[in-house]
Structure formats: structure tokens, C-alpha cells
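Visitor: These are the residues of each chain, in order.
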Amino acid sequence: LAKTTQPISMDSYEGQEVNITCSHNNIATNDYITWYQQFPSQGPRFIIQGYKTKVTNEVASLFIPADRKSSTLSLPRVSLSDTAVYYCLVGGGGATNKLIFGTGTLLAVQP
Amino acid sequence: NAGVMQNPRHLVRRRGQEARLRCSPMKGHSHVYWYRQLPEEGLKFMVYLQKENIIDESGMPKERFSAEFPKEGPSILRIQQVVRGDSAAYFCASSLGQANTEAFFGQGTRLTVV
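Residue numbers (this note's numbering), protein chains in the order written: chain B, 1316 to 1426; chain C, 6 to 119.
If we strip away everything but chain C, and leave its shape as in the complex, we get:
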């Protein structure tokens, strides 16, 4: 059973371009979380999704950021018109969604905006 797969592992974008980060959850998991981590800082919650539904997006910036988790395929975190401040590691996690189950994290995507 493969773990949570994120791709790409490293992504370089110029200011103003779009960044698409993909996350394939573990088999059987229908809940996905996205986090952002700046160097030397903790993980900041961004969004929590269930298949075809956004459960909680309280950590998402109001502009340029969006996330989806379609019925088929991976979850996508999309950042439009990237700026240097978007440079960070973005982690995805998946779970069964029940209260007492653990979340499994991917290796992250390191976005660098130049």
C-alpha cells in the first residue's frame, strides 16, 4: 500500500506564474489536508477536504489559492500568480476521516518562486 504521494517534489516558478501541487492520498482514504511550512517554522493548516467537498478552508489565503479533491484523481492545490512569499514546503496528509485515526503525510513539495 503506497503512502501519500506528492508531486512534484520540487517546483520552481517565476513570479506571476501558476503552481499546481498534486497529492494522491493513501488507498481508501477520503480525507485530505494541506499544510504550508516556512523554513524553521511549524506547519500551518490551509485546507481540509473530503471527496468533492471542502470541509474547512479557514487557513487558505483569500486570494490566489484554491484546492480541490475530485471524485477521481489526486487533490490539487493551486496557487495563481505566485509571489516570492509563496516559497515554502507544502505538505499533504490523508486519513480515513474518523476522529481517532492517524493522518499520513507525504514528503512535501518544495516551491521556490524566483
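For reference, chain B alone in the conformation it holds in the complex:
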């Protein structure tokens, strides 16, 4: 399974766009890239998933370059309630679909 590397923490202010980048140099051909959000004392929540190029939903956008060795989660106009830990996961394309979480990025949004 490909290992992921993310910044430990990021700071932002309300209304700003936040981009969190994840490195996954050893991503396999069949692997997908998935991002989860976790609030304190809660289980992680799926945000977005992609394989290549760009994916957008009502919550976020996911940018994946052609070599797929990294990905960027983009959160438009963050609010205080977006303060959480964001995890980048790579996998799902092999014989097993187990999800391996890295250390995640703690996003702190300030007023």
C-alpha cells in the first residue's frame, strides 16, 4: 500500500480557500485517492475520492496531477466548523480494500 505524507497542521482564517497537499510517490496503477475528515470524538467522514485529474463535489475539490504522485484537497471559503483533521488515503485497487490512515493534517480555522 502506498504511504502518504501530509503536513501535520495548517492554519487558516474564515472565508479563505485552503489547499492541503498529500504526497503518495508509490501509488499503484489501480489505487484511488480518498480524503476523510474527522472531528474530535467522532468517526471519520468521507469527503471526496478521485483517480485522476479533477473531482468536485458540494464540499470540496480534489486535484490530481498526471503522474498521480500527489493530490491536493481544496476547501473553498472555510468556516470555523471546518476545523478538523483531514486524512489522505491511497489504495483500494489491490486484492484488499483495507484503508490505511496516515497522521492526517490538523486544520485550524480562526475567525
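Derived from the structure by calculation, the hints contain no laboratory data. Note that beta-carbon positions come from the ideal geometry of N, C-alpha and C, so glycine has one too. All clues given are correct.
Computed list of lysine-lysine pairs in DSS-like fashion (alpha-carbon distance at most 30 Å, straight line):
1. Lys1367/B to Lys1318/B
2. Lys1318/B to Lys67/C
3. Lys1369/B to Lys49/C
4. Lys1318/B to Lys49/C
Some chain B residues near chain C, calculated using beta-carbon distances under 8 Å:
5. Pro1359
6. Arg1360
7. Lys1413
8. Thr1418
9. Gly1419
Calculated Cβ distances over 10 Å to all of chain C for the following chain B residues:
10. Met1325
11. Tyr1328
12. Glu1329
13. Gln1331
14. Ile1335
15. Thr1336
16. Asn1340
17. Asn1341
18. Phe1378
19. Ala1381
20. Arg1383
21. Ser1385
22. Pro1391
23. Ser1396
We have chain B already, so just place chain C on it with the hints.
Guide: Just chain C now, kept in the frame of chain B:
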């Protein structure tokens, strides 16, 4: 459609007792994952199960821990002879099991060993 249900939400056990954590997956999901999370840390994969089968248990401690997902009923994570170091939040997730489907997580069970 109810989400992933875990119970109990909080469990207190004395050292040496057994802890049983239950996870009911979302309707139609046949794949279940268990994770452990210590305070201020990330989620550590423990085991991945399909109905009546253990697919991957590479994250399970070799002793005292076991997991099952029977044909009928919830998935059970069992910890025998608990020790203080077992105190953590245990999360369960379920999915359809296909590569590009999301996993849905429960609210977790917080185990405290006293």
C-alpha cells in the same frame, strides 16, 4: 437507512476483564473494518472482515484480540484480559467492498480500562 451503529458508546472495564465491542454495518454492506485511535493520534488499522471471513488482520495484536463478522448479526471485536494500554476509541467502518466506494464510520466505542 441507518448509518453504522456501534455499541456501547462508552465501556468501562477493570483490568483482566473482557471487552466486547459491537458494530452493525450499513444495510447492504458486507465489508467491515476496525480501527483503534489513541488520544491525539491517528487511526490504526486493526482488521478487515467480510461476512464470515477475515480478509486482513495484519493490524491486530497477536494475543487477546479477536474479531468476527458472522453471517447474521453484528461484527464483534473482542478483547480478552484487558490492560490499561487497551484504553482507546475503537471505530468501525463498513463499505460495499468495491475499490472506489467510500467507507462509512460509526461513532466509535470509547473503552476505558481501570
